[in-house]
Amino acid sequence: MLSQDESEKDSSPPRIYCSIDQMKDIRAGKECEVGSKATWSVSSWIPGHGVRLLSGNNKNTYWKSCGTFPHLVNIQFRNETVISHVYIYVDYALDKCYTPSIISIRTGSNFDDLEEYKLIELVRRRYWIKIRIPDLLKINLLQIAVLKTNDDCDDCIIRLIKIHSPTSKFYRTYNILKLWR
Numbered sequence: 001m002l003s004q005d006e007s008e009k010d011s012s013p014p015r016i017y018c019s020i021d022q023m024k025d026i027r028a029g030k031e032c033e034v035g036s037k038a039t040w041s042v043s044s045w046i047p048g049h050g051v052r053l054l055s056g057n058n059k060n061t062y063w064k065s066c067g068t069f070p071h072l073v074n075i076q077f078r079n080e081t082v083i084s085h086v087y088i089y090v091d092y093a094l095d096k097c098y099t100p101s102i103i104s105i106r107t108g109s110n111f112d113d114l115e116e117y118k119l120i121e122l123v124r125r126r127y128w129i130k131i132r133i134p135d136l137l138k139i140n141l142l143q144i145a146v147l148k149t150n151d152d153c154d155d156c157i158i159r160l161i162k163i164h165s166p167t168s169k170f171y172r173t174y175n176i177l178k179l180w181r
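Just so you know, we're using the UniProt record's numbering here: the sequence shown kicks off at 1 and counts up by one.
Calculated directly from the structure, the hints in this document are not laboratory data. Treat each hint with caution, since some may be false.
List time: in silico EDC-like cross-link candidates among lysine to aspartate or glutamate, alpha-carbon distance up to 20 Å [as the list claims (entries may be wrong)]: (1) K59 x E33; (2) K148 x D113; (3) K138 x E116; (4) K130 x D91; (5) K130 x D25; (6) K59 x D95; (7) K64 x D95; (8) K138 x E115; (9) K148 x E116; (10) K96 x E33.
FRET-style restraints, in silico, Cβ to Cβ [said to hold, decoys possible]: (11) S36 x D151: 18 to 26 Å; (12) G29 x G50: 27 to 35 Å; (13) G29 x L94: 28 to 36 Å; (14) S168 x R124: 24 to 32 Å; (15) K96 x G29: 33 to 41 Å; (16) L94 x K138: 31 to 39 Å; (17) N58 x S109: 25 to 33 Å; (18) N60 x D113: 32 to 40 Å; (19) E115 x N57: 26 to 34 Å.
Beta carbons are placed, not taken as given, at the ideal position from N, Cα and C, and that holds for glycine.
Model the full assembly from the supplied sequences, consistent with the hints where possible.
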């Protein structure tokens, strides 16, 4: 039988610790931001803090949910899109208990076939969180589900979300290297 500490280690989502420069791969020509090509929706919002603020570039604005968990951000692409990274900007120093602490990344072609791709624990984070998609998923729908916030607050705040895709040159190189493995 596992001790309480061991069972918590086994069931806990991975923790994300380091701050990230989300523009680095774009400046290097390896990736492009594709969130602007998608339709965004959320499960709830407080007036003045709606979905359109998530995909902007202003870290001083934010989406604020209201209601019960999970709080959902749905990002739907018209065509199947290759995703390499998801970046989420949160700021515990400003948003305190409203900052997400557990997030589920779900992917699929529509709402009926969504599957959890990754469960992530954020430890009172500030700045960009980088979620790497190692196998370059081809998806039509990306869902970010906030399952819990710090101090179990009912609502949550996310300041920005960016979705990156490899540039066509980088994607071709990736596929060739994958064939050689």
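Quick rundown of the hints versus the structure:
1. For the hint pairing K59 with E33, the CA-to-CA distance comes to about 17 Å; that is within 20 Å, so the pair holds.
2. Of the pairs offered as hints, the one joining K148 and D113 is violated, with about 23 Å between alpha carbons and a cut-off of 20 Å exceeded.
3. A distance of roughly 15 Å separates the Cα atoms of K138 and E116; the hinted pair therefore holds under the 20 Å criterion.
4. Simply put, K130 and D91 have alpha-carbon atoms about 14 Å apart, close enough for the 20 Å limit, and the pair holds.
5. With a C-alpha separation of about 12 Å, the suggested pair K130 and D25 falls inside the 20 Å cut-off, and the hint holds.
6. Under the criterion of a C-alpha separation no larger than 20 Å, the hint pairing K59 with D95 is consistent with the structure, at around 12 Å.
7. A distance of roughly 10 Å separates the Cα atoms of K64 and D95; the hinted pair therefore holds under the 20 Å criterion.
8. With a C-alpha separation of about 13 Å, the suggested pair K138 and E115 falls inside the 20 Å cut-off, and the hint holds.
9. Distance restraint check for K148 and E116: the Cα-Cα separation of roughly 16 Å lies within the 20 Å cut-off, and the hinted pair is therefore satisfied.
10. Simply put, K96 and E33 have alpha-carbon atoms about 28 Å apart, too far for the 20 Å limit, and the pair is violated.
11. At about 34 Å, the CB distance of S36 to D151 disagrees with the hint of 18 to 26 Å.
12. Here the CB-CB span from G29 to G50 is close to 33 Å, well matched to the stated 27 to 35 Å.
13. In this structure the hint that G29 and L94 lie 28 to 36 Å apart at CB holds, the actual value being about 33 Å.
14. Our hint of 24 to 32 Å for S168 and R124 is violated, since their Cβ atoms are close to 38 Å apart.
15. With their beta carbons about 38 Å apart, K96 and G29 fall inside the hinted range of 33 to 41 Å.
16. Distance hint check: the CB atoms of L94 and K138 are about 36 Å apart, consistent with the given range 31 to 39 Å.
17. Taking 25 to 33 Å as the suggested C-beta distance range, the pair N58 and S109 conforms, at roughly 32 Å.
18. A hinted range of 32 to 40 Å holds for the C-beta pair N60 and D113, which are about 37 Å apart.
19. Between E115 and N57, the C-beta spacing of about 30 Å keeps the proposed range 26 to 34 Å intact.
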